[in-house]
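Enquirer: Work the whole structure out from these sequences, hints included.
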Amino acid sequence: MSANDLKATKKLQASFISPTPQTGPDQDHINSTEHIREHTIADEISERTFQDVSLCYQCGKCSAGCPVRYYMDIAPNKVVRLIQLGFYEDALKSDTPWLCAGCLTCSTRCPKEFDLAKFMDAVREIAIEKGVEIKQKNIIKFHKAFLDQIKSHGRAYEVGLVAEYKMKTMDLFQDVDSAPGMYFKGKLGLLPHNIKDRKGVKSIFKKTSGK
Amino acid sequence: MEELREYAKELLEKKEVAAVIGYTQVSENRTKPIIITDPADASKLVFNEYCLNNLSVYLTKARINAMCRTKDKIMKLAICAKPCDVHSIVALIQENQVHRNDIVIISFNCHGAVKDFGYEFSGENLASKCITCETHKPLYFDKIFGEEKETPKASDAALARIEELESMTHEERFEYFNNEFDKCIKCYACRAVCPLCYCQRCITDKAIPRWIESSSHQRGNFSWNIVRAFHLSARCTGCGECDRACPMDIPLSLINRRMAMEAKKSFSYVSGRSLETPTLVGSFNEKDSDELFM
Amino acid sequence: MTSMEEVIMKYGYYPGCSQTGSAKEYDISLRKVIEKLGASFDEINDWSCCGATSAHVTNHKLSSALAMRNIMLAGQQGLENMVAPCAACYNRLVTSQYEISKHPELREETEELLSAKFQKEINVINILELFLKIGINKIIENRKRELSELKVACYYGCLLVRPAAITKFDDAEQPVSMEKIVESTGAKTVDWNYKVECCGAAHSIARRDIVVDLSKKILEDARSHGANVIAVACPMCHTNLDMRQRAMKRTYPGHEELPVLYLTELIGLALGMNEHELGIDLHYINYKYTDPVPDNTVA
Amino acid sequence: MKIGVFICHCGENISRTVDCPRVARVCESYPGVEYAIDYKYMCSDPGQNMIRDAIREKGLDAIVVGSCSPHMHERTFRNAAVSAGINPFLVEIANLREHCSWVHDDVEAATQKAIELVRMAIEKVKRDKPLSKINVPVTKRVLVIGGGIAGIQAALDTANAGYEVVLVEKEPSIGGHMSQLSETFPTLDCSQCILTPRMVEVYQHPKIKLLTYSEVVKIEGFIGNFKATIKKKARHINEELCSGCGLCITKCPTKKKAYNSFEEDLAFRPAVYIPFPQAVPNIPVIDESVCMYYKNGKCGMCVKVCDRGAIDFDQKDTMLVADIGAIIVATGFKLYNIDKKAADSKYKGYGEYGYGKYRDVIDGLQFERIASASGPTAGEIKRPSDGKVPKKIVFIQCVGSRDDSKGISYCSKICCMYTAKHAMLYKHKVHDGEAYIFYMDIRAGGKMYEEFVRRAIEEDDVKYIRGRVSRIYEENGKYIVKGEDTIAGMPVEIDADLVVLATAMIPQENSAALARTIGIPYDKYGFFNEAHPKLRPVESTTAGVFLAGACQSPRDIPESVAMASAAACKATILLSSDTLEREPVVAKVNEDLCAGCFYCKKVCPFGAIEVKDVKDMNGIVYKEVAYINQGVCQGCGTCTATCLSKSIELAGFNNEEIFAEIAAL
Amino acid sequence: MDKEKWEPKIVAFVCNWCTYTGADLAGTSRMKYPANAKMIRVMCSGSIDPVFIIKAFERGADGVLVSGCHPNDCHYNAGNFHARRRWDFFHELLDFIGIEKERLQFSWISASEGKKFADVIAKVTKDIKTLGPFTAYKKMNSEFTAVFPEIQEVVKETIIKEKETV
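Residue numbers (the numbering used here), protein chains in the order written: chain A, 1 to 211; chain B, 1001 to 1294; chain C, 2001 to 2299; chain D, 3001 to 3665; chain E, 4001 to 4166.
Note that these hints are calculated values from the structure, not bench results.
Hints are supplied without guarantee of correctness; some may be wrong.
Coverage of chain A stretches by chain D, computed from C-beta distances (three or more under 8 Å per stretch; other residues unrestricted) [said to hold, decoys possible]:
#1 47-59
#2 67-78
#3 103-115
Within a straight-line C-alpha distance of at most 30 Å, the following computed DSSO-like cross-link-like pairs (lysine-lysine) qualify [what the hints assert, rightly or not]:
#4 Lys4115/E - Lys1287/B
#5 Lys3602/D - Lys1264/B
#6 Lys1061/B - Lys1073/B
#7 Lys112/A - Lys3357/D
#8 Lys3316/D - Lys1073/B
#9 Lys1186/B - Lys4101/E
#10 Lys2249/C - Lys141/A
#11 Lys3601/D - Lys1076/B
#12 Lys2024/C - Lys2288/C
#13 Lys3251/D - Lys3357/D
#14 Lys168/A - Lys2024/C
#15 Lys4101/E - Lys2102/C
#16 Lys2168/C - Lys2188/C
#17 Lys3482/D - Lys2249/C
#18 Lys2144/C - Lys2024/C
Source: prediction; values computed, not measured.
Just so you know, even glycine gets a beta-carbon here, dropped at the ideal spot from N, CA and C.
Expert: What follows is the structure, encoded as structure tokens:
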């Protein structure tokens, strides 16, 4: 996929490959009825979210009700459309999945009962796995910082989280209006809450990041 | 006991009934069925823990019915029935084999019966059906005798056996039942004693086309026993006479009981308990489970 | 068999990370209120973070495992039910459990990650369900004063009632359960439009601009429908609606402050506790409830 | 027995995957098979002649044809056999096309299967018995259920063909939904102006017996011989005496006691009322739930003013029984309600649109009444809450329709057109108003339909926005409609004065119950099922019951009328002969062996099984056995499987035949 | 038996109005499914006697499918409702006797569900393949012919063994 190389209309490619004839005594009757299919990103998303992306019929109700729609570069329903059509790179590079707040308004109202929030989760997950460059850097840094806290303490430790996030973003002034106030009001402890079974939690992180 | 005899005598003397079907003592701890038409014979009637036979099977016998048909009218028939036998009578009424008005049900307060002749009545020797019995008083009757007594306690071995079988693999179960059915000699004693096997011609006797292979071979035995159990499922009232009659000790009532459990679990239905409830076979509910169907 | 309507008074408790930090007052007020109402908590031993938004937006297996760890802990503790006062935690826990039961392949993967078998389902309930279970009558019985001065906009946020198929609680679009609870304190509730709109949730730190916009809209809608206080049931909603009012003042000059209280704090006030006990003074917007001046004109 | 086997190639359809000559060759070697041959098109004239010639020349007793599905050409081959002197029921079809060649790729496997299929048919035909058709008499009267436009049309067509009609309508007047409409697409002619002449025609037709305010409660019998029980609800007004002067209505003191359902609850009516001025019959009804007399026994104003003495408070529901030959079901539809109804979880309602709590969020029929000259606003577009003329109006299509999450997946078909019409009517009446339509797709298939929609856009400046609306809420008397224009890729928000929802068409409330009463199948929504979606669209699968209009699926007026005429035509075909020929596939009891348990009677869906007494020499009944009324039996065979002693056999599918098929596997 | 080459023998009892027509539709739509299942057409699923299934097993079937119209879609209104109760018991009975549940399967397939028909046949075939041949019953069948050779002769006459002439 090198859509940006040339300014030309993108060619749609069906994800079907014509069936290869199989003969021989071992021929499975069931297999013979199925076409052999390339495993696409759309399939991957369907598998991870337990729902077929072709369910979406592009009514736009999700985008209509999305609270963060105004900040997104493309409409949420369009992200689904891009995946349906096979323009994966455009979908994975988009801001939209990262701005999705996961409020489930879309999933609740979808006439096709398509869980768009879950779909967005899968798009983000795949974008990270594929190493796609993400414009919303701060958001991903925040998530990383948050997970690091859990990884090392077992719980989210807010002071550490903010500190780490600031280190990552090099934006030392962004949250000045809340943190000091909270600190003085005695809400933020200076020491993290460590759980006992930190090893167990760490191993979950290790196993899931391995793939 | 005397009251029973007096009552039977009166019925016969007043010509209210053509005959009284009941039990008579043959030796200690052993009774046999008796059909009395002479009021003088009423003194032979007994009722005790050794009255095992389910007499309702006689209600559908042609010869007995013939006794009731006089030239101008149909006479009633009196029958001694344990509360559990009344269930069979209820089933027969529901299946149009007898009419409630054509019979006089003489029943008893029951506290159980022995599992077979030759045993002393005790908790240990209690018949399987009596262990889980919930109807110590008959549900329908015209006359009732006997006083209420406590039923001895016993453990439900049949249920334990069903559970044991269910825990086996399909192959093990298949082998078990195949071996059991293999013993069958096709004497049809089970059919003869079953009150609900009243067909004039049993399915197994139908020759064109041949439904069930009649020779007593493994395969014929297998299909006969499946069909027997199926025809009785949701109908069998659990009198257990088939078990007593089977010379080869095939666990017939065990299968019947298993099917009755299914009727209760899936349809909350117990056969022969109510004249008002429609029979499970022959009725349906739109909301019946659709689980079985793809 | 005990009847289904029997009031349960002992609950498993999953506080969630915020309760140990920025939402301390939620934890404090909840525990105090529960005690006053005669119920008690059994905190999950060594609970860990549910994974929150950060896990499920980046790795679905990690998210499932982190949430399920706590469910299994509750199971090991012999609990039947578990209260998750934070709406986000509640949603993560309920959803993870639902997905595990629906999709055996995910269940297997999760069990492998946790090196443990998922044995029994825990009835995870949110704060509203908790009060409905304990009974509104209990609040009315123990009420020390009526908060009749309050016109409350009940803010559910996104995650308390959604997705309806999984939470199976109240109505996803027009919920009414919080109103019922708030009205039991003697306060009035207002009918408003933004009770299930999103406040921006997890973007609180990374995209404060979005959160400020969204929260401002919510506050203004509540105000325009006559509310003088907003009730929330989620630490994240509280952070966004309360603390971000400072930034709001900068972005929208002339912004008027509107106090935001946890549902538990409202109940606490009605049960006779003061603002300090309940931790209301820890809020960014200072708030003090004043009883109405007795009306002398009525003879 | 000499059997002939004929294997059809169906051009290439069968022979591509099935080696037809080999099938014929193998089959020829089976015992009993006298002759076997394959041919390119067995159903063609030469093919049929081959069968006829073979029967005559080889002296065949029975034939097996390996061809397409018996549902296609069974009749053709049976007729061919009959013309050569063989009983039609000694013809068996092996389905080599739909069930074999078309569904398999492997030639060897398909050929093997084809051989087995033919073998099964051979074994069955060996045991087939010659059968002859059954004749039953026909009652020449049609029952039409539902007095909307479909029912009216069906009744008129049937009556004009010379047959008696009983038309049953549950409301006090015929006319149905069409009488509520303002104008109709795509011509914009006035609905009532074209409908009322038909209503009057029905009323005056000598062949039509009109029963309004009545319901069908029971249907017994079978094709040509139904018996319908109809409940005539008490009107509390004597129809014979009432002159229709309407004095009782104007004098009734309960002026605005009840919602006027004809006006879709946008207006009120007194206890005694006629639904609308042109009602047929023009006889009022007294609504017991509102009338003062039924509350406290007082008032009686209507009795005082009625100079004909037509008021009858003691009138009771009456039951009428009619012999019927054919039934036309035309019960129509109702609209999806966005309100959440606890009782019926099938439809979830729209919380995001306020569950019906906003008075100015209305449905299509309500807008029809608002736009109608005879409606509550006398045709002026005013919104219900404050009577103001809406300057901005939003129409939303597909509310309920195509929305799986709310319980309906189908398209309601008419909403695209009527929404365009609504917007147009609005623009014609409020020239400075803005009209927006949210749509997903425009489905304007029909004569002049697409042109109509374009006219709305091009001439009347209606703005179409592609996208579903996510939310509607009220703010300062305006309704904020949040949507997304998916074409522009932009979120849009409209502050509307009035919102009109094109809610889905769903079946009438009691459609499933009625279907069970009549004995016709219905789908999961409650729409009645047609016998074949393409070739038998106006017949139900129950013989003698026909369908017309929106009770079968969403339909517009021209389609409903066309369906009604088609159903009427089907019914008159049925009634045109004095007796009816029926397939002889019926069950028969062996009375000697029947044990009389009557399980068969309990399971028979048609009540075809009766109790027959068997008497002894003295004339005393000694046995009861089952007896099957061959005219009523439809041949399902449920009794045969239920019979424990196997004393019932189904002709054409008897157990011996089926065993032979199993054995031939 | 060579398990690799073994192909299960499946009998499908289908009702004339829904499933048979649905199978016709599968054909018209050219959907592909395994050739193992042979169909026996009856008028209604309500008319299928459990003995038919036993007979099929006796004739060497490895699996049986029974299919009719969806509830409320029965051509005869209620035949399938009665069938549903009947099969509930019979299936439970076979399971208790030791016959795997997959040997006897049920479905509702309407006249418009060609795709579902193809899927169901594929599923049943796959299930039976996983289970393997019904050896337990087949053993009884073979013993039967061994003990009664003269009956086998009779069987031979009526059940025509396929004589491939090519």
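Enquirer: Could you work out which of the previously given hints the structure breaks and list their numbers from low to high?
Expert: Of the numbered hints, 8 and 13 do not hold.
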